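A.B. asks: Residue numbers (this note's numbering), protein chains in the order written: chain A, 1 to 155; chain B, 1001 to 1132.
Careful: at least some of the hints might be erroneous.
Covered stretches of chain B (in silico footprint by chain A; criterion: 3 or more residues with CB under 8 Å from a CB of chain A, positions within the stretch not fixed) [as the list claims (entries may be wrong)]:
#1 1009 to 1017
#2 1049 to 1057
Computed Cβ-Cβ distance ranges for the label pairs, DEER-style [to be verified]:
#3 B/Ser-1037 / A/Asp-112: 34 to 44 Å
#4 A/Met-13 / B/Val-1035: 37 to 47 Å
#5 A/Ala-73 / B/Ser-1037: 14 to 24 Å
#6 B/Leu-1109 / A/Ala-72: 25 to 35 Å
#7 A/Ile-35 / B/Asp-1102: 56 to 66 Å
#8 B/Thr-1107 / A/Gly-97: 18 to 28 Å
Quick caveat, the hints were computed from the structure, so don't treat them as lab data. The structure presented is a predicted model; accordingly, all values stated were derived computationally and were not measured. By construction, the Cβ of each residue, glycine as well, lies at the ideal position given by its N, Cα and C atoms.
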Amino acid sequence: MRPSSGKSSLVLMVQLIMLLIFAVAAAACLRIFVISYSSSAEGEEKVLAMFRAQEVAETIKSLDGDLDAARAALGGSEIDGETGFAVYYDADMSRVGKDGSHDFAVIVLPIDSKNPYLGVADISVCDTRTRQDDSSAGSNSAIYSIEIAWQEVGE
Amino acid sequence: MNKSSTPVPAIVGVILVTIFSVICLVIFSALVLLVQSRDGALTEKSVQSVSDYYAADVRAQEILAALRSGELPDGVTYDGSGYIYSCDIDGTRSLNVRVTVDGDEYTVLEYRVSSDGKWEADTNINVWDGIS
């Protein structure tokens, strides 16, 4: 009985060692999948943010820099204490109201260009899940940010 | 008669199956990482391309505003009927602008992205000419 018991325990030990090796490899691979998934989600978020910023930029430029008209056209909301406006989006980057549950905000803030013929604005797409106070644009939580310019048309 | 069978086949089988599984996992993970890396690079290029365009657009608008203010910025030429200038986007593309002036009225005739790269025909491809 002894030799047979010894062989069985050897097989069992080898199986356990192999199982351990497989578990270590599977854990490393799982970590790679998780990193890859989060990186992919981050990239997707950035591209969607870019599309939304472009949408707002082209709307403002098509309206010759009339921010009020652009806000109305985009369904945006005024920002307390600022001259710009914000457009809110949910996790799928679909437009939602300010009062509703929102995950992202496109914040438009005019910039003084020092030239009366030139209008300039900063457009930042921010993650409002990490940043509750969207009264100050250009912060570090901006996923994507561009500056746009247009010609001011005289009255 | 009491010849005990060696457990070698069982052990070898377990080792081979484990090695095969681990190799499959490693190859699969490497491919996932490679695809993700390429995808991330493409995303960055795409995002950077749009940022570069808007940066060039701002420069072009600044030059136009300067012209309207009566200044003549560097890089702007006057061809008798209007002003022509170009703003580099990313080294391979540029934003070409042509503006005519009629009194105080400035009209943008051209606001076009063009490629700066030179196209060269490859004449070295050895194709069958139908004769020889």
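A.B. asks: Indicate, hint by hint, whether the structure satisfies it.
C.D. replies: So, going through the hints one by one against the coordinates:
no.: 1; hint: 1009 to 1017; in the structure: holds (count 5)
no.: 2; hint: 1049 to 1057; in the structure: holds (count 5)
no.: 3; hint: B/Ser-1037 / A/Asp-112: 34 to 44 Å; in the structure: holds (42 Å)
no.: 4; hint: A/Met-13 / B/Val-1035: 37 to 47 Å; in the structure: holds (38 Å)
no.: 5; hint: A/Ala-73 / B/Ser-1037: 14 to 24 Å; in the structure: violated (39 Å)
no.: 6; hint: B/Leu-1109 / A/Ala-72: 25 to 35 Å; in the structure: holds (31 Å)
no.: 7; hint: A/Ile-35 / B/Asp-1102: 56 to 66 Å; in the structure: holds (60 Å)
no.: 8; hint: B/Thr-1107 / A/Gly-97: 18 to 28 Å; in the structure: violated (40 Å)
Checked against the numbered hints given earlier, this structure breaks hints 5, 8; the rest are met.
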